Every structure is written in structure tokens, then in C-alpha cells.
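Those protein sequence lines, which keep their order, are chains S and B. If you're matching positions, the first sequence starts at 1 in our numbering and goes up one per residue. If you're matching positions, the second sequence starts at 1 in our numbering and goes up one per residue.
Just to be clear, a hint being listed does not mean it is correct.
[Said to hold, decoys possible] Listed below are several chain S residues computed to face chain B (Cβ distance under 8 Å; list not exhaustive):
#, residue
1, LEU15
2, MET20
3, GLY34
4, GLN35
5, GLY52
6, PRO71
[Stated by the list, open to error] Label-pair distances were calculated between CB atoms; the ranges are:
#, chain 1, residue 1, chain 2, residue 2, range
7, B, TRP224, S, GLN82, 57 to 67 Å
8, B, LEU83, S, MET10, 15 to 25 Å
9, S, GLY72, B, VAL80, 18 to 28 Å
10, S, MET10, B, GLN28, 49 to 59 Å
11, S, PRO152, B, ARG271, 23 to 33 Å
12, B, SER255, S, ARG70, 19 to 29 Å
13, B, ARG249, S, MET10, 53 to 63 Å
14, S, GLU36, B, LEU276, 50 to 60 Å
[Claimed, not checked] Listed next, the in silico DSSO-like pairs over lysine-lysine satisfying Cα-Cα at most 30 Å (straight line):
#, chain 1, residue 1, chain 2, residue 2
15, S, LYS2, B, LYS377
16, B, LYS51, S, LYS2
17, S, LYS120, S, LYS81
18, S, LYS132, S, LYS155
19, S, LYS155, S, LYS81
20, S, LYS155, S, LYS92
No lab work stands behind these hints: they were computed from the structure. Model, not experiment: these values are computed from the prediction. Every residue, glycine too, gets a C-beta built ideally from N, C-alpha and C.
As a plain string of letters, each chain reads:
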Amino acid sequence: MKRCHVTGLMAALGLQVAVMAGVFVGGVYPLWVGQEIRLETRPVDPRDLFRGNYARLGYDFSTVETPDLRPGEVVYLPLEKQPNEALWRGGKPQASEPETGLYLRGRVSGQPWSTGNTVKYGIEALFAPKEKALALERQLRDSAVAVVRVAPNGKAALVTVETEAVDN
Amino acid sequence: MQLLGLLRRELRSECRQWVVDGDISEEQGNRILARYDTHLDDDADGSLAYKVLVTVALLFVGLAILLLVSANWEDIPRAVRMLGLIATTITLNLIGIRGYLKQGEGSGWLFLGGISYGASIMLIAQIYHLGEHFPDGLFYWALGVAPMAWLVRSRVLALLMLAVAFLWMGAQGQYTPPWAMVLFLGVAVAIALRAHSGGLLLVVIAVLVSWLNLLLGWAYGDGWGPDFEAGHLSLNMGLLALLYAFSHRAAHSESHYLRRSGSLVGLWALRGYLLLLVMLSFSEFSEGYLHELAGLADPGLWAGLLAALLASAWVVVGRLGSTGPRLLVMLLPFVLLGIHAFGGRGAGPGDFTWLFVVAVNLLALLSAIVLIQEGLKRGLTQYFYSGIVLILLLALMRYLDLFGDYLGAAAMFLVAAAVLYGAARFWRRQQGLETQAAKGGCAGEEQS
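Construct the entire structure; sequences and hints are all you get.
This is the structure in C-alpha cells:
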């Protein structure tokens with residue numbers, strides 16, 4: 001009985017370690033296998049109760065003009081880049097996975113409004129110490145460049161945000 | 001009698017004083033206290049104070065860990081930060097497991113381990129900028145704490161799991177119905193029953209009520225998100241009836257902890273019922289409620305009806321509670337059906353609304369009278385003062401809002417005065433009969 005109990009407790013601890021490993025791998029996976037791209041963004045600075053201050057990043061493709069999407073629905077955003085441009089742009093969001101090319105996998109979040117909806121791709125927050133997050137907000141008020149790695153399945157991870165002028 | 005169980009500490013200290021003063025013997029004191037699952041030498045006061053203070057101290061340490069993580073130590077390499085916190089989580093849990101296996105203690109360490117585990121998830125999310133919306137992190141946190149809490153039957157771990165799961169429910173519930181709450185609620189109920197914890201059971205009931213309300217919100221939202229409608233009031237009427245039935249069933253249980261949790265649930269169900277009555281006694285509020293209902297197709301009606309029918313069956317089969325409240329619970333399904341049949345969208349301020357408000361005000365008056373009488377008869381001060389406060393509140397509100405204009409309000413006050421006078425006369429007559437019966441009994445004993 002006691003041995004069984006010890007096994008159970010160790011399994012419970014093992015579950016915690018496995019979850020931590022899963023969250024880690026889930027977060028770092030696009031950084032390992034993804035292709036690096038650069039996107040235009042505009043940050044503002046709120047605070048998360050558990051993860052501290054962060055710069056919230058908005059993208060042109062964060063809102064879609066399709067009000068019939070329900071919260072939680074998966075959306076695929078094909079990414080395009082002209083040969084003479086430095087930045088990638090979002091194409092027309094679609095419900096099915098694109099067969100070719102690079103794309104972002106996102107989820108509809110929140111209630112729709114009259115003309116559209118918000119989609120989140122997991123690259124909307126740059127966590128930083130409070131002072132740095134506030135400084136970023138000031139520096140990047142007009143626009144900035146988000147460096148993102150995108151895995152073949154559309155999962156993306158934010159690498160950093162650069163303050164260089166957007167030149168497209 | 002039930003409520004006294006909640007005041008065990010005060011009763012114990014009173015009994016000790018009676019023994020010191022020579023009013024009762026030590027044996028009598030212990031016999032009195034045994035009715036409430038305690039005794040004169042019970043040192044639970046000291047250990048409870050110690051446990052509460054230590055738990056709060058551990059909670060503060062946990063909050064400090066979360067704030068330290070939130071401060072974002074960017075200068076320290078990622079791997080050092082992450083492995084440091086993961087190693088801390090494993091160490092704290094191992095110390096807790098060791099303490100539990102050796103002395104049956106260690107839940108404090110496991111509680112800290114649980115917070116450190118959550119902080120590790122948040123740290124990984126912070127380091128790798130895992131999105132702005134991160135309810136998944138809270139879900140994994142609660143999920144990881146659940147088996148540990150269940151295995152060691154720890155109340156503090158169960159409370160931590162429920163608190164995190166509740167936050168997850170609030171965050172995720174805006175996007176999808178949080179069905180997984182059933183898992184956390186199930187684990188918490190199992191722990192409450194195994195650890196004989198009335199307090200945990202009460203927290204579970206509170207979270208369960210919130211969850212059911214959120215699910216009903218999703219039924220209204222039609223897949224677009226939770227929508228809070230008037231029908232939620234109908235659901236909560238049914239839930240209150242169900243809680244009333246549970247509290248009286250628990251009052252007859254052989255387990256002291258179930259009796260205590262029954263008392264607490266009964267008290268909160270009563271407060272909820274009184275709050276509902278006070279709100280519905282306002283004509284504008286009732287008008288809005290009746291107008292917003294979606295008739296017999298309202299999901300709130302069917303959810304409330306299910307709860308009310310279960311409660312009715314429970315009180316009838318178990319013969320639970322006193323006659324008045326039992327009758328009220330039995331009538332609730334019909335009342336709900338009537339409200340939804342005659343209310344509904346498009347129903348403006350009409351005769352039905354007027355009748356409904358008058359009926360609610362009379363019901364509130366009758367409830368106040370019953371509470372005062374029950375309070376005096378059974379010596380329950382909570383009931384007595386609840387009745388007094390309700391009656392005074394009703395008088396003040398109706399005097400201010402002038403329901404039915406001057407003449408209507410005056411007529412209502414006269415009707416209320418007549419009901420109160422009638423109740424007082426009935427009460428005096430009943431007391432007279434009881435006194436006569438008692439005297440008759442004594443005389444019979446003397447003659448024999």
C-alpha cells in the first residue's frame with residue numbers, strides 16, 4: 001500500500017515535470033525549427049498578473065473583417081513577401097491549412113464586432129522588466145519590427161522586437 | 001442547534017468558564033460539548049490559529065515567488081532561471097512527499113511546491129513570450145496540482161487547485177465553455193469528503209454555482225461567448241432550493257463535518273433567498289426580469305426547473321425542513337413555469353407584473369414573519385434578526401419607492417399591518433396552547 005502510494009506521489013510529481021517540459025517544448029519548438037521572418041508591429045504596455053510587465057504587440061493582420069468567426073475558431077494566415085521588401089505581410093485569413101508557403105496558425109479571440117474580429121497568433125506579447133517594457137512602449141510608439149520564427153505547422157514564436165525604422 | 005455547531009470555540013470557552021464557576025461539573029461540560037464533536041480539553045483553538053497563520057505565511061511566500069518571477073530577471077541567463085525554478089519545484093515537492101510519508105504532514109511544502117510549479121510554467125511563458133492570452137498556463141497549473149492534492153488529501157492544495165481553476169474558468173470561459181471544470185470540482189469534492197472538510201465543501205459549492213451560471217451564459221450566447229440574461233435568476237432560484245434541500249439533508253447526517261457544512265450552506269442559501277426577494281420586490285427590477293425572459297423556450301427556465309424539481313423531490317421524499325419553506329420549494333417549479341409562461345419578451349408593465357411584485361412583497365413579508373417566529377421558537381438569533389432586518393428593509397423601501405402611488409402604497413402597508421397583527425395573534429395563541437399543554441403534563445405527572 002505504502003509502495004503504491006509512493007509510486008502515486010512520484011507519478012504526480014512526474015506529471016508536474018512533464019507539464020513543465022511540455023510547456024517549454026511547446027514554446028521553444030518554433031525557435032528550433034522555424035523560419036525567421038520580420039513583421040511590422042505597434043506595442044503598448046500592460047501587466048500580466050503572473051508573468052509581469054510586457055509590451056502588447058498589434059499587427060495589421062490581428063483584426064480580420066469576417067464577423068462570422070466564432071471565438072476559439074482556428075484561422076490560418078498565409079504570409080507573403082515581395083522580393084524587394086524586407087518585411088513579411090499577412091494575406092487573406094482562411095479556415096483551412098494552406099498547402100504551400102509560410103503561414104501563421106491563430107485563434108479567434110473575444111467577441112466579434114460589427115465589421116470584424118480579433119485573431120491571436122501567440123506573438124502578441126514581449127515580456128520585459130518594467131522599465132524596459134515602458135521604454136519600449138515609448139520608443140516603438142509609431143511602429144517597430146517583430147522578429148518571429150514560424151514552424152512548418154504555422155506555430156510561431158516571438159524572438160525580439162527591433163526599434164529600427166520600418167522601411168518597406 | 002445546527003448553528004451552534006459553527007460556534008464551537010465560543011461554546012467550549014463558555015463551558016470551561018461554567019466548570020470553573022462551579023455551575024456545571026466537568027463531566028456535564030464534556031457531555032454538552034460532545035454534542036458538537038468537541039470536549040473541554042480540545043486544544044483545536046491553538047492548533048487552528050497556528051495552521052491558519054502558517055497557511056497565510058506560506059501563501060505570502062508563494063506570492064513572493066510569483067512576484068520575483070514577474071520582475072523578469074532578464075540579465076540572468078534563461079537556462080539558469082528556468083532550471084533554478086524547476087529544481088526548486090522538484091525539491092519542495094520531494095521534501096513535502098518525504099514529510100507526508102514519514103509523519104503524515106508536509107502539505108505546507110507541497111503547497112509551496114504547487115505555487116513554485118505554477119511559477120515555473122509562467123516563467124517559461126515569460127521567457128519564450130508565449131502569447132498575451134494564456135489561460136492554458138492556468139489550466140496546466142491546476143491540472144498538475146490536482147493529483148498531488150488528491151493523493152495527500154490536502155485541503156490547502158485543493159484550495160490552491162480550485163483557486164487556479166477558478167481563474168482559468170474566468171479566462172477560458174470567455175472563449176469556450178470550460179467543461180474541464182468538472183474534473184477539478186470532482187477532485188475537490190473527493191478531497192472534501194475524504195478529509196472531512198466542511199469549509200472545502202462550501203468553496204466547491206460556490207465554484208459549482210459560478211460554473212453552472214457560466215455554462216448557462218454559453219447556452220444563451222449560442223456559441224459566440226457567454227451572455228448573461230434574466231433567465232440566470234430562474235436558474236439561481238432553482239439552485240437555492242437545491243441548496244436548501246442539501247443543507248437539511250446534511251443536518252441529519254451522522255458526520256459532524258457534514259452537519260457543519262449543512263449549517264453553513266443553509267445560512268448562505270437563506271441569505272441568497274432574502275437577497276433575491278429584496279431585488280424582486282422592486283417593481284422596476286421585476287419588470288425588467290419578466291420582460292427579458294424568453295418564455296417557455298428560455299434555457300434558464302429549464303435549468304432552473306431541473307434544479308427545482310430535484311429539490312422538490314428531495315424535500316418531499318426526505319421530509320426535509322419545516323412546513324413553510326418545504327411548501328415554497330415544492331411550489332417553485334410551478335412558480336417558475338408561471339413566470340416564464342406569462343412573462344417573456346414584449347411583456348410590458350401590465351397586470352401580471354403588478355401582481356408579481358405584490359406577490360413577491362407578500363412573500364417577503366411572510367418570510368420575515370416565519371423567520372422571526374422560527375428564530376424565537378428555536379432560539380436561532382440569525383433567523384430572528386434576518387426577519388427583523390427584512391421587514392424593516394421592506395417597509396423603508398416601499399415607503400421610498402411609493403409602489404402603486406400614495407393610495408396603493410398605503411393599502412399595501414395596511415395589508416402588511418393586518419398580516420403582521422394576525423401573525424402576532426396566532427403566535428400568542430400558539431404559545432398559550434403550548435403553556436397549557438405543559439402545565440397539563442406537569443399536573444398529570446404530580447397526580448400519578
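Going down the list of hints, with the structure as the test:
1. Taking 8 Å as the C-beta contact cut-off toward chain B, the hint placing S:LEU15 at the interface holds, the least distance being around 6 Å.
2. Checking S:MET20 against chain B by beta carbon gives a least distance of about 5 Å; that is within 8 Å, so the hint holds.
3. With its C-beta approaching chain B no nearer than about 12 Å, S:GLY34 sits outside the 8 Å limit, and its interface hint is violated.
4. With a least beta-carbon distance of about 17 Å to chain B, the hint placing S:GLN35 at the interface is violated under the 8 Å criterion.
5. The beta carbon of S:GLY52 is positioned within 8 Å of a beta carbon in chain B (closest approach about 3 Å), and the interface hint is therefore held.
6. Annotation: S:PRO71 was flagged as interfacial toward chain B, and the flag holds, the nearest CB pair being 5 Å apart, inside 8 Å.
7. The given range of 57 to 67 Å is broken by B:TRP224 and S:GLN82, whose C-beta atoms sit roughly 37 Å from each other.
8. Checked against the given bound of 15 to 25 Å, the beta carbons of B:LEU83 and S:MET10, roughly 20 Å apart, stay inside it.
9. Taking the beta carbon of each, S:GLY72 and B:VAL80 are about 37 Å apart, not inside 18 to 28 Å as hinted.
10. With their beta carbons about 51 Å apart, S:MET10 and B:GLN28 fall inside the hinted range of 49 to 59 Å.
11. Restraint check, S:PRO152 to B:ARG271: a C-beta distance of roughly 57 Å breaks the suggested window 23 to 33 Å.
12. Against the hinted window of 19 to 29 Å, the Cβ-Cβ separation of B:SER255 and S:ARG70 comes to about 46 Å, which falls outside the hint.
13. Distance hint for B:ARG249 and S:MET10: a CB-CB separation of about 39 Å, inconsistent with the stated range 53 to 63 Å.
14. A beta carbon spacing of about 59 Å between S:GLU36 and B:LEU276 agrees with the range 50 to 60 Å that was offered as a hint.
15. For the given pair, S:LYS2 sits about 53 Å from B:LYS377 by alpha-carbon distance, which is inconsistent with the 30 Å threshold.
16. Proximity of B:LYS51 to S:LYS2 is assessed by CA-CA distance (about 26 Å); at most 30 Å being required, the pair is judged to hold.
17. For the given pair, S:LYS120 sits about 21 Å from S:LYS81 by alpha-carbon distance, which is consistent with the 30 Å threshold.
18. Distance check on the hinted pair: S:LYS132 and S:LYS155 sit about 27 Å apart at the alpha-carbon level, within 30 Å; holds.
19. Restraint check: the Cα-Cα separation between S:LYS155 and S:LYS81 comes to about 18 Å, which is no more than 30 Å; the hinted pair holds.
20. Our distance criterion of 30 Å between C-alpha atoms is met by S:LYS155 and S:LYS92, whose separation comes to about 17 Å.
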